[in-house]
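A.B. asks: Protein chains in written order, with the numbering used here: chain A, 1 to 232; chain B, 1001 to 1232; chain C, 2001 to 2232; chain D, 3001 to 3232; chain E, 4001 to 4232; chain F, 5001 to 5232; chain G, 6001 to 6232; chain H, 7001 to 7232.
Just so you know, not all the hints are guaranteed correct.
[As the list claims (entries may be wrong)] If you anchor each label on the Cβ, the simulated ranges turn out as follows:
1. B/ALA1084 with H/SER7073: 25 to 31 angstroms
2. F/THR5036 with B/ALA1153: 29 to 35 angstroms
3. B/ALA1153 with H/SER7073: 56 to 62 angstroms
4. F/ALA5066 with H/ASP7150: 34 to 40 angstroms
[To be verified] No more than 30 angstroms apart at the CA atoms, straight line, and that leaves these computed lysine-lysine pairs for BS3-like:
5. C/LYS2064 with E/LYS4064
6. D/LYS3148 with B/LYS1064
7. H/LYS7148 with B/LYS1064
Calculated from the structure, these hints are not laboratory results.
Beta carbons are placed, not taken as given, at the ideal position from N, Cα and C, and that holds for glycine.
Number of protein chains: 8
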Amino acid sequence: MKDECKKKTEPAYAVADPDRLRRCGAGEVIYGAGKTAEQICGILRMLRENGQENILVSRLDAQKEAEVKSLLSASEAASWTYYAVPKAAVFGGMLPASGHGTIAVVTAGTSDIPVAEEAAVTAEFLGNAVQRIYDVGVAGLDRLLARKADIQAASVIIVIAGMEGALASVVGGLVSAPVIAVPTSVGYGANFEGLSALLAMLNSCASGVSVVNIDNGFGAGYQASAINHVGV
Amino acid sequence: MKDECKKKTEPAYAVADPDRLRRCGAGEVIYGAGKTAEQICGILRMLRENGQENILVSRLDAQKEAEVKSLLSASEAASWTYYAVPKAAVFGGMLPASGHGTIAVVTAGTSDIPVAEEAAVTAEFLGNAVQRIYDVGVAGLDRLLARKADIQAASVIIVIAGMEGALASVVGGLVSAPVIAVPTSVGYGANFEGLSALLAMLNSCASGVSVVNIDNGFGAGYQASAINHVGV
Amino acid sequence: MKDECKKKTEPAYAVADPDRLRRCGAGEVIYGAGKTAEQICGILRMLRENGQENILVSRLDAQKEAEVKSLLSASEAASWTYYAVPKAAVFGGMLPASGHGTIAVVTAGTSDIPVAEEAAVTAEFLGNAVQRIYDVGVAGLDRLLARKADIQAASVIIVIAGMEGALASVVGGLVSAPVIAVPTSVGYGANFEGLSALLAMLNSCASGVSVVNIDNGFGAGYQASAINHVGV
Amino acid sequence: MKDECKKKTEPAYAVADPDRLRRCGAGEVIYGAGKTAEQICGILRMLRENGQENILVSRLDAQKEAEVKSLLSASEAASWTYYAVPKAAVFGGMLPASGHGTIAVVTAGTSDIPVAEEAAVTAEFLGNAVQRIYDVGVAGLDRLLARKADIQAASVIIVIAGMEGALASVVGGLVSAPVIAVPTSVGYGANFEGLSALLAMLNSCASGVSVVNIDNGFGAGYQASAINHVGV
Amino acid sequence: MKDECKKKTEPAYAVADPDRLRRCGAGEVIYGAGKTAEQICGILRMLRENGQENILVSRLDAQKEAEVKSLLSASEAASWTYYAVPKAAVFGGMLPASGHGTIAVVTAGTSDIPVAEEAAVTAEFLGNAVQRIYDVGVAGLDRLLARKADIQAASVIIVIAGMEGALASVVGGLVSAPVIAVPTSVGYGANFEGLSALLAMLNSCASGVSVVNIDNGFGAGYQASAINHVGV
Amino acid sequence: MKDECKKKTEPAYAVADPDRLRRCGAGEVIYGAGKTAEQICGILRMLRENGQENILVSRLDAQKEAEVKSLLSASEAASWTYYAVPKAAVFGGMLPASGHGTIAVVTAGTSDIPVAEEAAVTAEFLGNAVQRIYDVGVAGLDRLLARKADIQAASVIIVIAGMEGALASVVGGLVSAPVIAVPTSVGYGANFEGLSALLAMLNSCASGVSVVNIDNGFGAGYQASAINHVGV
Amino acid sequence: MKDECKKKTEPAYAVADPDRLRRCGAGEVIYGAGKTAEQICGILRMLRENGQENILVSRLDAQKEAEVKSLLSASEAASWTYYAVPKAAVFGGMLPASGHGTIAVVTAGTSDIPVAEEAAVTAEFLGNAVQRIYDVGVAGLDRLLARKADIQAASVIIVIAGMEGALASVVGGLVSAPVIAVPTSVGYGANFEGLSALLAMLNSCASGVSVVNIDNGFGAGYQASAINHVGV
Amino acid sequence: MKDECKKKTEPAYAVADPDRLRRCGAGEVIYGAGKTAEQICGILRMLRENGQENILVSRLDAQKEAEVKSLLSASEAASWTYYAVPKAAVFGGMLPASGHGTIAVVTAGTSDIPVAEEAAVTAEFLGNAVQRIYDVGVAGLDRLLARKADIQAASVIIVIAGMEGALASVVGGLVSAPVIAVPTSVGYGANFEGLSALLAMLNSCASGVSVVNIDNGFGAGYQASAINHVGV
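Hey, can you work out the whole structure from these sequences and the hints?
C.D. replies: This is the structure we're talking about:
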């Protein structure tokens, strides 16, 4: 199967965008869900042939990752790292940290960590220093206030919360830096798979908060990196 | 028109529930929206004939209140008080304050005050001491923390917030007393007329929070009174 | 694996809130869904080190419970009890019953019992006497009216119903005590996984009813306990 | 304008269905909302020319009714009766009551009466005896149980309720006759203009309940008449 | 396990309603979903001890049916019949057909048949003659019109359709008998698991149509039987 | 004000797209809702200066039309025609009819006519012969079948219906030509302002049906014209 | 089992529509989801006996396809072709390409290909030349603009996109041919299983766009074929 | 009334947050909707007494603005400027432009301009250079591509679009700077008052896009300013 895959560097199912790196400052990311291992492998090679050295594959569960890996050559496999919790793989390593400062990734609870790690790994991949601040939800304000200095020191803050998503508003009221809020599907019943946190964050009473899709740690990490590099 | 109204003490459009006062510990309340002034007047008299001395009329806008008042006899009008902000009228006065302690009515913003006043007046009507704590939303935690002692001293707390409704969770994490959360329709766009705050409050990460209908200050005040009188 | 877990008493994924017991009158509860067995075990130990003797773990299915148990030391396991129907575990035993009186847990049907047991076990864990009154839905009023005296004698009533959730309104009209309504996801089609009962309960025509999240037996039990201890 | 209207008996905007009376056992009804007075007048004459003697015009507010009336000839106006509360007009009078028995029209509250009257007038128009039983909502069960004999004696029961719509299930559990439930838009907030009652009624735990559109008193009256004449 | 089950004729999880047969003209039906085999068996015996001879168990999948059957005594098993397509069991046989006439069960497509069979078996169980008319959806009007006489001859018509549910309106325009519409979850995408057909049927332009829950063949069969026996 | 407007041919609020006529085969249409009369006037002139001779202004209510007209010069006004029912204006006249054949515009009821006229006028403006077939909804199939030949003779059929939107499926089953379905907001309650018809049409069991936005007569007319000119 | 199936050519579960081929210009298609292999086999034979030579079976997953194939006779199996990616089978081969020109099938991403193939195979089955243009989503406009000539040369364009569905509007602005938009369920979170793309496409700012159901490649292919044959 | 207002500098309905300017780098903004003119006036003075020199009042319609102005003293009025299109007032003037670069405010259509102006005025108030790029929606790509250089030169881009909101994705694919997307309620029918654009933007296939509430120009301007000042 490896041979068949190798030939697929200009596949029928995907089109290269060689100008993207110059235009957007970051290469394309492969969204792994809904693609076969062969397609992921093929796109990976197409991107490399178009000059992209560092590639992130998101939403790649452990089983499909094993399939992809089995399709890689030995030298390709040497450049491949898999991060199990955010279910993401990095090809070619992460960029060195640059930008205005640190990106803080803050979660309300323990169950939000997989989404937070997707954000953190994405930001690190794109060349940012990341500080993880987990399990500081608003039901115990002391836990949050104990980390206030860390949060206020960051250039950008990513706030990740499910259920009622209140953490975004509370953090938004503590800082002058921009806040990217990520609603998660953590919860049950009337959370409607993340709708409660999504609506809450869109309606935040704090002013400097914008929102990405439910469970979209990747998008938050990407946007935070762009913000951290504004004017750089 | 007054005469016609006077005869309508057993009207076709309403049925007395004389056992209710004994059974539920509180008389019926007249929900004014969707009823004509004549119907409100008729029900008021029917309730009085069935032994209820103190009657609350909720959701009674200023224009309809004037119509109702014009239908009352002079002695009836003497027992009638109208509260313009919560759009509620009280007939026969409020009960003296009793119960375990004080009911705190807390709002996130200035725009939530009409709903808060409906809760406060209802609780006062039913015989409770009420403490109003307004405009302490989570975007400025200092404002809230400055009132922490007052909130922690209350027997029951009613939290009223629109937009993302985060205040309910933050207050819920500060106290051991039960919290009744009231989502309001304050906001616009993706608040979907109160849905954002409603879902947020139903999914609160704080444990002791229950919720009533959007803008239902009356229900919160009634429930808080019942709680404040448990075991009394 | 036990050794590795033992060391994780201050884990990266969770933060202790040692002041909570004093502030809220009840220790933290571990919400088991979405956490690994190792995380649950680690949080359990962290809480104990912070002085919490009695710990409830909710939403813990049988398989994960077995995993958690296998991580416990012998002395820890001796303090551990698992309740299969509500899928909850109690560490350190339940508190002795106190408060103003009894909490009645009332269900509409047989299928609502798992949620009811979550409420009942939570209330018992927090130190309340509980009376279970099951399968008294409104389609057979005689079944409900036969238990009217029991329901009216309670300090707090938890009403648990799926489908159209009508039981909350009928019970709410029978009592002066506060009613906590729990919509369940029992039903199919246009119940939209509990939405029908949730909306019905939020719009109850009975006055003293507040609502918690769909299937949130835990929240109802917690809130009922807080109410049962108001002013105590 | 009268002359112009008179000529419009075969208008461009409407098509006669002369076979309908034979096929469906009832003539067409003119749904007044969204039609101009001229259109209503034109359709009325077209129906009469096609042999329909008795015609119901529903959803006709007072202002448009006045416009229609001004377009009628003197002899036409003599056959025209307007019912202000359900906003319906009858041309040619009501049919004499026939069918198996009585149709009971039962409401939860006073505010549901306009919808109830639309159902009652429709059923009377189609030749049924109607018994009105208003304001017997479930928050005061005694009011309902006092009318149990009347309700159980009916051939068909129409139950009309807003808010949580619980009355449909309670009545459904008391009778063997078919129950037609009509959700109303009475309420506010999370009733979402009748959605709460609609979902509740569709999910009724009582078995013999079917449902029509929100505020559709007409549909309920029509269906109840069809049921009351089954096999006649 | 049989012995244990036998003793559970007055179980903690269910309450008998012995008056129901007299009051509603039909015994209770056991809704099988969400109950264990032991609970179903226990309720079955409780109902029989309370005098109900004929019992329907709905929503009973093949696996649980096998479990229930293994709990039955030999004489009990002899009275037990299982209908695989509607996933329903009948204990004690069906009642002989009575009522005004025939109940027509009409489907739009082949995929709607399981719901149709639930309606048909329920109606037969309750003592009605049933005529099945399947796969006559509106995309091929000739198929429907070929059965017009059969449909017009029925006392009650149950129309079962998924997707856009148009069949209910077309049939409703052909008959004078009452039409019970059952939306099904057949379809995909923007049918939102039956919502499209549900809304369509609630908004039918034909007058004599009422609606039950999505996929609720049982409710339609029950209601149709009640209608077929009005005044009998 | 006329002078000020005259100068605004390259306004700050709108940008010309001079290539559009060549690219899309039809000039831009001005969507009148949400624009001021001055803006409409300014865009009109900008389009003419960019070579567009025939311009349609949609969603232009009578009052705003009067304002626009007052801003036009005498020669401009001579080229301006207003169609009151679809609330549309045509500048420069309609194109002569061309294309494969006739576009049939079919409505379920009288209340759907305003949307139908928007479709018809749009199609005529773009150079199509249009046949109007109104009030042939499915509750009276004879009315529809009487026009079957006309409908089957058309090159494209636009079906316009509110409520349950069943007409689209029935017409879709009668023809080989493409059907464009337009859901309308006609109805009330659970039609949710057109949602019921929209979902029904998207789920049509007939194969050749595609759908445009609720009340979007313009879009249907435009698409039908494009279809009628395919390959021409 | 083969024998039993053979006899089922006039089954109880399906009705032939022999006039359809003449009336609609295309034979019936068997929607495979929700039907058993026996039913599919039976309907296939019924259609052939009614004169249909070419039959498409959609939504037929690999496992059920194997079951169907095992029921076919050897000569039947020789006429049967299965397309794994769109999960569709063709019996009797595809029609030769005819019509005005080519149908372009355009996707935003790689994950949309299964829906695109359903559209393409359907259009080919019905006798159309198809050009596939995949992975040209709007985040990289160069990829799309590189194919502008191909897209502008087509007679009909099918645009297939998930997530935000923006491709439909961009393509709609580039062409004069009609555009059929197919929203897909590709995405997660607030795409609500295709709702985001569906709403976006219904609200397209480009004029010549109509929409089919989520993931309904079949419907788009069918409609495109009808358009491609208008006036032929 | 002026005197009464003057005394209200520490009103019951609002609480000062004097630390906010230091903490968040920007003073509080007064959200004008839902507040009375007296309340706005009172809060204005309270903020000034707490040291805030520059104050923005958003969502202030012309009528209420006149009321507020009549309450101001002459010296206060001299510092007050009203912007009619975004319905916003600025007290104390705008800050001089600083930050990394320019904020581009881009709209899809003319009707989106009021929201765009709210964003632009907010950003200018907070000290940013703003470039307005209006009416460049995706249905005419040439209009957008003509402004590509301007858009790519900006430090932050705010994209404002109603209907299907596709512009956010197209712009997101053109730039490396962060994009803030603002869905507007422009449109009708299935736009559900902005829901279509909101969902589209949340599901953007372009990576660097985050979203604020529907019509929330203020929030976008505020967030863009924070981004433009990161690390400054």
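A.B. asks: Next, verify each hint and record whether it holds.
C.D. replies: Results of checking the hints against the structure:
In this structure, B/ALA1084 and H/SER7073 meet the distance hint of 25 to 31 angstroms, their C-beta atoms being roughly 28 angstroms apart. Hint check: F/THR5036 to B/ALA1153, Cβ distance near 56 angstroms, so the stated range 29 to 35 angstroms is violated. Roughly 40 angstroms separates the CB atoms of B/ALA1153 and H/SER7073, a value that falls outside the hinted 56 to 62 angstroms. Separated by about 38 angstroms at the C-beta atoms, F/ALA5066 and H/ASP7150 satisfy the suggested range of 34 to 40 angstroms.
The straight-line distance between the Cα atoms of C/LYS2064 and E/LYS4064 is roughly 25 angstroms, inside the 30 angstroms bound, and the hint therefore holds. For a cut-off of 30 angstroms, the pair hint linking D/LYS3148 to B/LYS1064 is broken: about 35 angstroms separates their Cα positions. In summary, the hint linking H/LYS7148 to B/LYS1064 is not supported, as the alpha carbons are separated by about 59 angstroms, beyond the 30 angstroms threshold.
Of the numbered hints stated above, those contradicted by the structure are hints 2, 3, 6 and 7, listed in ascending order.
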